[in-house]
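Asks: Position 20 of the sequence shown, counting from 1, maps to 20 under our numbering, and the rest follow consecutively.
Errors might be hidden in some of the hints.
To be verified - Distance ranges between label pairs, derived from CB positions: (1) 42 to 150: 46 to 56 angstroms; (2) 106 to 42: 20 to 30 angstroms; (3) 113 to 167: 45 to 55 angstroms; (4) 53 to 99: 16 to 26 angstroms.
As the list claims (entries may be wrong) - Mimicking SDA-like on lysine to any residue, the simulated pairs with C-alpha atoms at most 25 angstroms apart in a straight line are: (5) 39 to 52; (6) 212 to 174; (7) 45 to 25.
These are calculated hints, taken from the structure and not from any lab test.
The C-beta atom is built at its ideal place from N, Cα and C for all residues, glycine as well.
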Amino acid sequence: MNLLKYLPIFFIVLFTSNAAAQGNRTAMEAFYCSFQDGKDMSDLKKVSAEWDSWADSNFSERYAGYVLTPVLATGSDFPFDFVWLGFSDNLATLGTVMGEWMSEGSKLQAKFDAVSSCDSHMTIDSFEDRPYAQIGQAGLLQIRSCIAQEGVTFGQIMRARSAAFDWFSENEVAGGNYMWRPGVGMPVDSDISFYDVWVTSSLSERGAALEKMYQLDWDEYRGIAGRNSLWDCDNPRVWYATPVGGREAD
């Protein structure tokens, strides 16, 4: 079973993190993890707090970590407990941080391993369609897996999404929007072209935004976005993203 095909990707939740302040594309890594017997989120929080202090002194580049947990999702589609998302300014800085962790973080890695097992790890490019105002704070991620129609180019998708989310902004629909494009580490049989990500601050804000959308001309939006003619997406899921620290800019 290709778990990632059904995952509006976790790692997450997250919009584009503090690292997004540098531009409209950032790099992220995602780990899919399950707790060891007898361990739970309280144990992860303890190790994450230690990691946060360690990162300030040992990472040379900006890196923001989040833990993603399901809010509206089906357990059979996601047979893991949480996702760890890490964001950096670009692939070069992310690679630097990953290398520093591999060379210097073995003792702390052992503590993470005692809490959970993470059997999937990948990199992802995050493209900003519409900025989220509360980047760096906890929030909700609605994520859908999308597949481009045959012959459709990445440039076509980017242009259509830009126009569609201009429509969102003009109609004052709350939240921010991002495209996550899978990178290295995805399953070899995955046909996902990108993940569609909508970030809101709370279930209340998300619900109010949905009510507003119902009152708008949704056919107009679909025409702008080229939905179904350019790409098709599966059912959305909602995840809660909690910031766990990292290294800020100098």
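Asks: What are the numbers of the hints that this structure violates, sorted from low to high?
Replies: 7
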